[in-house]
Amino acid sequence: MANWKKAPIREALGKTLVELGDRYPQVLVVNADLRNSVKSIYFMEKYPDRTIEVGIAEQNMIGVAAGLASLGFIPFAVTFARFASKRAADQISMSVDYCRNNVKIIGAYAGIFTGAQGVSQQMIDDTAAMRAMPNMTVIDTADVHEVRSALLFAAEFSGPVYIRIGRDEWPVVFDETYTFELGKGRWLREGSDVVLLNSGILLPYAVEAAELLESEGISAGVVNMPSIKPIDAALINDISRNVGAIVTLEAHNVQGGFGSAVAEVTAANYPVPIEMIGLRNEYSESAPNDALLEKHHLNPPWIAAAAKRALDRKNRLRC
Amino acid sequence: MKILTPEEISRLEEIARQLRADSLRLIHRRGAGHPGGALSAAEIMAALYFQVLRVDPQRPDWPERDRFILSKGHASAVLYAALARRGFFNLAELDNWGEVDCPHQGHPDRFKTPGVEMTSGILGHGVAVGAGLALAARLDHAAWRTYVLLGDGECQAGLVWEGAAAAAKYRLSTLTALVDYNDVQLDGPVHEVMPVEPLAAKWRAWGWHVLEINGHNVRQVVEGLQTAAEIHDRPTVLICHTTKGKGVSYMENQSYWHGNVPNADQLRQALVELGEVQNG
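Going down the list, the protein sequences come from chains R and A.
Residue 250 in this note's numbering sits at position 250 of the first sequence, and the numbers go up by one each step.
Take any residue in the second sequence, note its place counting from 1, add 319, and you have its number in this note's numbering.
This is chain R alone, in the form it adopts within the complex (with noise of 0.2 Å):
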């Protein structure tokens, strides 16, 4: 089993912001009194008349930055997904994404692993409701490093961008090479009998069960995938064709997030099973990650468990 080096994600992305300040003079971050949990304190300490602070407002953060954008700042909103995302999403609809106005949004404490706070400060649903806009590119971040080469991309991207990012210590899968690539996945370790597609989070936990599974025998594939939209359409339809038996991964409710972009995929090209490990149309609580991890069914042998199912119907299929 893989013994991980952690590194605590909401750092990166305050780390990282700060790069972003230095290498690019258009770049601006509108915090909604969340600057010290986000991390979003770091820029506005070396850039505070470039930071612009607008209380517990986010409808207004998405107005103030869709009017800074208008005018060719690159504004990033940051906050937690929660309130990024749908408290928002009108706001960001009309003057964001319909507008194609260059805001970057970042949904921070995404997915369920929030230090504790319950189900308020959890966000389960800002895929599904971010993927539904027609010129919003989403993106699910995996660690420290994916954090920081999406947020890069990000910068550079001339468009509306939304990032899931998570919060914790968690585990350190990339390295400092590792470069994001918009629409693009990654073969993480190959695989013949299924493939287990992740995207965000839960990418060690899918490396984990993959090892599992060799252990009796099952050769599964493990491809990331943090482009959501656009998505990787071509090796999606490639796994469908020469493996056959899909997992998807996501913090993240399996209705109407990762696992249904991946599903639209394979049900217009290729069906082949597909099982959907997150959140299975369920709210968390507050509780320490490792128990949710197991309540939620999120573990490697749980994920494991997923495979065998989604290999056992491609076996009665090709029977």
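What the hints contain is simulated information worked out from the structure, not anything from laboratory work.
Watch out, some of these pointers could steer you wrong.
Here's a subset of chain R near chain A, in silico, CB distances under 7 Å, partners left out [unchecked claim]:
| # | residue |
| --- | --- |
| 1 | D33 |
| 2 | I56 |
| 3 | A57 |
| 4 | A116 |
| 5 | Q117 |
| 6 | G118 |
| 7 | S120 |
| 8 | A287 |
| 9 | K295 |
As the structure is a prediction and not an experimental result, all values here were calculated from the model.
We put the beta carbon where it would ideally sit given N, CA and C, even for glycine.
Chain R is fixed; fit chain A onto it per the hints.
Positioned in the frame of chain R, the structure of chain A alone reads:
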């Protein structure tokens, strides 16, 4: 109006002191929570739950009960302490607060904690929800009242004012809001993060009856709430001037203590200052 006796005032002050100590113990044991805004609201919560609110701990669903919404849901510790001391459940139930399957959530959850009227934690919603409750009471010809406690930083949220407008339009005199005006929010002083002044004039402009009181004076809180019940043509807001982290010297007025947890030494010092344990 009922005038509180000196004994009643002392009783409520003692309850507020206990709620502070309970809150800090709970937050320390859980390793998470929001001490500053729990301490600033202690007298408000004592006055509500131990003098004003008509509730029955044996019957949390009693239809005629008054409704209280903790719109500043992050101050859950002081709400849980008040509910427990009022008899809704045993304080020991919170020994595993923060662990999986514990019914009592980080932020209040009405399906999980008896006595919690409305799930909260997303700031700005309380007044709008409270307006809905007060409208429902009117439609039902019911006599119960609705109380909403919100934070001062929360008044930055536009939704507060949408709810306030609706409550004024429908002259919801059974709705009373209380603002815990401690002038500190997570990221710093409210007057720096995003000023809310002139707060009283804003509520007045929105059509509310406004009272400004010392939120740490239990007599003023109780009398303010009694006055609100005598205003029959509009909702009332009590702007309660308070101190964030009240009662613990190192926490007072410090935004750091909005959402950080005292360690064992800090907890002990706090409990000494609150008169719970002897020093040394």
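Right, here's what the structure says about each hint:
Against a cut-off of 7 Å between C-beta atoms, the interface hint on D33(R) holds, since the closest Cβ of chain A lies about 5 Å away. At its closest, the beta carbon of I56(R) sits 5 Å from a beta carbon of chain A; the interface hint therefore holds under the 7 Å criterion. Restraint check, A57(R) versus chain A: the minimum CB separation of about 5 Å is within 7 Å; hint holds. With 7 Å as the threshold, the beta carbon of A116(R) comes within range of chain A, its nearest partner Cβ sitting at about 5 Å, so the hint holds.
Of the supplied interface hints, the one on Q117(R) holds, with its beta-carbon coming within about 4 Å of a beta-carbon of chain A, less than 7 Å. Taking 7 Å as the C-beta cut-off, the interface hint given for G118(R) holds, the closest approach to chain A being about 4 Å. At its closest, the beta carbon of S120(R) sits 3 Å from a beta carbon of chain A; the interface hint therefore holds under the 7 Å criterion. This hint holds: A287(R) has a C-beta 4 Å from the nearest C-beta of chain A, less than the 7 Å allowed.
Because the smallest distance between the Cβ of K295(R) and any Cβ of chain A comes to about 6 Å, under 7 Å, the interface hint for this residue holds.
Of the hints listed earlier, there is not a single one the structure fails to meet.
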